[in-house]
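Please build the complete structure, drawing on both the sequences and the hints.
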Amino acid sequence: MRSWAVGLVLAAMVPMAAVAQDAPPLVSDTLVVKSANRARTMNYVRAATELSNGMVSRRSPQLCPVVAGAGKIVDDYVRSRLRQIAGDVGLRFETQKCYPNLMILFSREPELMLDQARRRGKIRYDTISLPRIDRFKANTNPVRWLSYTGEVPAYGDISSGDTDIRAMRAPDSHILQPVASRLHYSLVVVDARKTDGVEIGALADYVSLVALADIRPDATQPDQASILNLFVEPGGPKRMTASDKAYLRGLYKLKTDRIGPDQLGALTSAMATELER
Numbered sequence: 001m002r003s004w005a006v007g008l009v010l011a012a013m014v015p016m017a018a019v020a021q022d023a024p025p026l027v028s029d030t031l032v033v034k035s036a037n038r039a040r041t042m043n044y045v046r047a048a049t050e051l052s053n054g055m056v057s058r059r060s061p062q063l064c065p066v067v068a069g070a071g072k073i074v075d076d077y078v079r080s081r082l083r084q085i086a087g088d089v090g091l092r093f094e095t096q097k098c099y100p101n102l103m104i105l106f107s108r109e110p111e112l113m114l115d116q117a118r119r120r121g122k123i124r125y126d127t128i129s130l131p132r133i134d135r136f137k138a139n140t141n142p143v144r145w146l147s148y149t150g151e152v153p154a155y156g157d158i159s160s161g162d163t164d165i166r167a168m169r170a171p172d173s174h175i176l177q178p179v180a181s182r183l184h185y186s187l188v189v190v191d192a193r194k195t196d197g198v199e200i201g202a203l204a205d206y207v208s209l210v211a212l213a214d215i216r217p218d219a220t221q222p223d224q225a226s227i228l229n230l231f232v233e234p235g236g237p238k239r240m241t242a243s244d245k246a247y248l249r250g251l252y253k254l255k256t257d258r259i260g261p262d263q264l265g266a267l268t269s270a271m272a273t274e275l276e277r
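Quick note, the sequence shown lines up with residues 1 to 277 if you use my numbering.
None of these hints come from the bench; they were simulated from the model. Given the structure is predicted, the values throughout are model-derived calculations rather than measurements.
Below, a list of computed lysine to aspartate or glutamate pairs in the DMTMM-like style, where the Cα atoms sit at most 25 Å apart: (1) 253 / 50; (2) 245 / 223; (3) 122 / 109; (4) 245 / 75; (5) 253 / 94; (6) 122 / 76; (7) 238 / 276; (8) 238 / 191; (9) 245 / 50.
Written out as structure tokens, the structure is:
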């Protein structure tokens, strides 16, 4: 009888927390969390990604950027931050003389600057679709961008230094396609009057994200933290967030021979994988 009573006392002394720790998490709870995370990731991808001819676009491995108009200190800082973010996803700056494929221009009179640049032949719109041009001209945001995209072989383009070469897929495949969309050229215009007071680090991160991906012109992320909210959420992040970085990394790891809707799903999966690292 005494040993039985002692056993009851010892059992009563075992902390309840220790008992709870022995219970494994419910599989259903894990699935719910993963499902919610994927939904948030898909929301990010859909809100951010501009589809060109139904395809996700990205840059070739070599960048030849021009950053000008804000003064040497700011120009150099933005260029340095762009190099850092680009390097994180496997892109590199050209080391020899090259034709610019990315222009980031600061101006307190952007319309006048653009008109003068066009007259001098520094900027040309003739290869860009009219809807994109009209949308760019009508955009009154502090930062706006205009991109030229075009199709390249989905299995890689040796002439551009793309080493992501894969076997050619059948054009009539229901899942794979023989071409991908390349982000050939981008013009990013920063209205310096509308960005007064914005931290240069925040502005550099914002500009870098929209320069390295084909981002929708009014993209924001209302349900999660993102540098894309810089001009709509005063108390928001002042640097690229984990989601922003995962989006870029996922984009540059994406197999671009999938058809459009499949690319968005694949990009969502790639971004989710990066977030779990």
